[in-house]
Amino acid sequence: MNPVVMQLTVRGLLGRRRSLLLVILPALLLGLAALTRWGSHAAPGASASLTGNFAMGTLLPLMCLLIGTGVIGPEIDDGSIVYLLNKPVPRRSILLAKLAVALATTLVFAVLPIAAGAAIAGDEGFKLTAAYGLAALLAGIAYTTIFVALSVLSRNAVIVGLLYALLWEGVLGGYVPGVKDVSVRQWALAPAEHLLDAADAAGWGVTSAVSMSVGVTLLVVVTLGAGWLAIGKLKTLRLAAAE
Amino acid sequence: MSSQPIVPAVPAQPAQPAADVIHDIGFRHYEGERFGRGWVVRSLLVDTLRGVFGLGRPARAKVMPWILVGILLAPPLVVALVAVLTGASKLPISYTQYLTQLQLPIALFVAGAAPYAVSRDLRYGVMPLYLSRPMIRTDYVWARYGGVAIAVFLVTAGPQTLLLIGALLAKMPVGDQIAGWLGGLLASVLLAVLLATIGLVIAAFTPRRGLGVAAIITTLLVVSGISLALSGIAQTQGSHTWAVLAGVLDPNRLVDGMAAKLLGVDPAIAEFAPTTGGEVAVYALAYVVLVAGAGALLLRRYRKAGRL
Amino acid sequence: MSAIVLDKVSRWYGNVVAVNDVTMTIGPGITGLLGPNGAGKSTLISMMGGFLAPSAGTVALDGGHVWKNPEIYRKVGLVPEAEAMYDMVTGAQFLLANARLHGLGDPGAAARRALEQVDMVEPSDRAIATYSKGMKQRIKMATALVHDPAVLLLDEPFNGMDPRQRLHLMDLLRRLAAEGRTVLFSSHILEEVEQIADHIEVLVAGRHAASGDYRRIRRLMTERPHQYTIASSDDRRLGAALVAEGAADGVTLTNGTLAVQTSDFGRFVHALPRLARDAGVRLLDVSPADESLESVFAYLVAR
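Residue numbers (our numbering), protein chains in the order written: chain A, 1 to 243; chain B, 244 to 551; chain C, 552 to 854.
Read the hints as simulated data drawn from the structure, not as lab findings. Watch out, some of these pointers could steer you wrong.
What the hints assert, rightly or not - 20 Å max Cα-Cα, derived SDA-like pairs, lysine to any residue: (1) Lys687/C / Gly79/A; (2) Lys687/C / Lys235/A; (3) Lys626/C / Val10/A; (4) Lys684/C / Pro90/A; (5) Lys235/A / Trp618/C; (6) Lys619/C / Pro88/A; (7) Lys626/C / Leu107/A; (8) Lys547/B / Trp618/C; (9) Lys235/A / Lys619/C; (10) Lys626/C / Val89/A; (11) Lys233/A / Pro621/C; (12) Lys235/A / Gly615/C.
Using the sequences provided together with the hints, build the complete structure.
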């Protein structure tokens, strides 16, 4: 992991319009959480609804998409990544450095606000916060790594990522059985479900279509696989031809 | 540098019986008809419309719009079949409710269409090329806007028409169905106008590749979620009016609310739909303000766009 | 002293062959890679720089492979083609980052020295987004020089430069080459290559067309048979005189024109007016067959 690459990536991420969204979205979530608390008198049910549907289902994948594509996508697109590639630095280090920045950003701007939102909106002794915090952490890591890999592998990463995160996991997940088994969100919810007792889990919607071992295994496999693919592609990355 | 060899100059043949003449094969003047601004705007609009659906573009560009069109047409097909087979007398979902049900694919469609229409030209700085034609700044914006809005309308009206066909085949009362369908089309128009404006404004301010798509879909989904959450909160606090008014934040609820009251059809989210005249008036006002405001912002964005 | 050795290097994309069986050695001094647009110069430089794998053949730098080997960048400085840079940092910060990425011992000093070499010290504390195109080009050069590389690869470096910048860059390249570095630059303009290259490699349609000292190749090019089309008042007589004199290798009489082939351009040009006058023939039209660079290259390829 290369500190210079990390610094440049951080500068790049924060210096663009993208960063506005990264700040506005969690702020909106926290605002909503506060309103929810006021409105439903801190009932965990309402908090679970807000966190499970809006935060986990909409906000988290979208933010991971923005972050994951933002750490490497624009540089590949305009060709300025050549300044990183024409150095005696292993491509693996370059990718891991960017991935580290992306994961840290996801943690700070997505995972923590989601957990905080759950706590603010209403909880029973931090049980809901812990459960959704864990789910958000695991899903965030997986989503971010997948989207970073997508950015290296395809120039249309955003569209592919959106179709996956929203259509596949969102819409189709509701209609087509079996899709839920291949869903990062479901995998991440499995360990979270384990944290709560059955009644709470069911009542708060922290349920998963897969078992914990399956979920965790698939998360690890997919995350590591995406990282490995990204490194491999970066080693042979073809820059936009001049002639 | 041309890769064609220069044709060697062949000297004039001395023993020609015909008159000596030098053929002007240089710069060709065009003395024919020149179409005016209207034609230019219309062509750009048609070109945008075609391009949104990937026609005249590489195969890669056809994937997303047509996947979404497929997703939008599948349910009406199923509903129509079911209606015909079971001989129902009423459609399970109304023409206007359908728009809210499929707001996600519609939003994705807009998120893909708007950046195609405006972001690319801004990103590559080709606005001066457009503006050095008989077309002024606002013409360009209107043409692009028209293309996207019509595309969104087609994508929403198509499924509604499919529903109508199904209903007619199932021998449901014709008058009712046609009335419902027309109402649905009106709602489609309102929705298309609003979504196109919002989408284009966002796309015009995010020319970076991919960012426009992400920004538009994020915005549409987030405001939808916030709107619903606020309505829920207001409801539990006992203020029904605020629960209804929170709907103006979400384009879908805005249009659906207005359509439901004006056309007398069932709204998609019955508990938060506007019922009093005052509420509908607020909705209508919000609609106008949104479209006009976003439109003005869009035009303003292009004020300096022609700078070389 | 470093050398890049290409051995039977080819690169194809499906059915299109971009580089076709090229074997060459790039040694110390300035080498100009010359060829028309689309000849494969950028592809070749990409392969030399380790950014593209050859479909066949090997590219070696001082005996080591360049593909998938980031270590070569300690010795190689590549001036990228890309317009874009990290806009939000200043020139000095960007150079410093580049120096640090190279793992240099004193990155600050190296960055400063590179800035001095390209004459960009003053504007170096403004953001790169505020630079003009020429300034960005100079920063690009600086990033390739910051680690004092033994090999410098430049892809069309004079593209879009104004005359003053051109002179400055040519000066810089001459100085670098005089220090024993291996400098390779590509261009499709003969004059640019002529002014600084000691040695040129000519690439035409992906094939290695010529190599060697520039002056000798130039002579080779002037020794190729020239074609002229002449219209005169008495073609036959003129043609006979030209052949008898030895100023033409061959003449062809076609309907109304005289096509002349000559390999001694100078002799022909001097002889023609004299012979015409002596034979009492009036010259109506004298025009050369195409003189474009492409025909020159085509000739070189055909040889």
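Going through the hints against the structure:
1. Lys687/C / Gly79/A: Distance ~14 Å between Lys687/C and Gly79/A Cα, so the pair holds.
2. Lys687/C / Lys235/A: 27 Å, violated
3. Lys626/C / Val10/A: 29 Å, violated
4. Lys684/C / Pro90/A: Status violated; Cα separation ~31 Å.
5. Lys235/A / Trp618/C: At roughly 9 Å apart (the allowed maximum being 20 Å), Trp618/C and Lys235/A satisfy the hint.
6. Lys619/C / Pro88/A: Between Lys619/C and Pro88/A the Cα gap is close to 11 Å, so the pair holds against 20 Å.
7. Lys626/C / Leu107/A: 39 Å, violated
8. Lys547/B / Trp618/C: 46 Å, violated
9. Lys235/A / Lys619/C: 6 Å, holds
10. Lys626/C / Val89/A: Answer holds: Lys626/C to Val89/A is near 13 Å, not above 20 Å.
11. Lys233/A / Pro621/C: Satisfied, since the Cα-Cα distance of roughly 15 Å is no more than 20 Å.
12. Lys235/A / Gly615/C: 17 Å, holds
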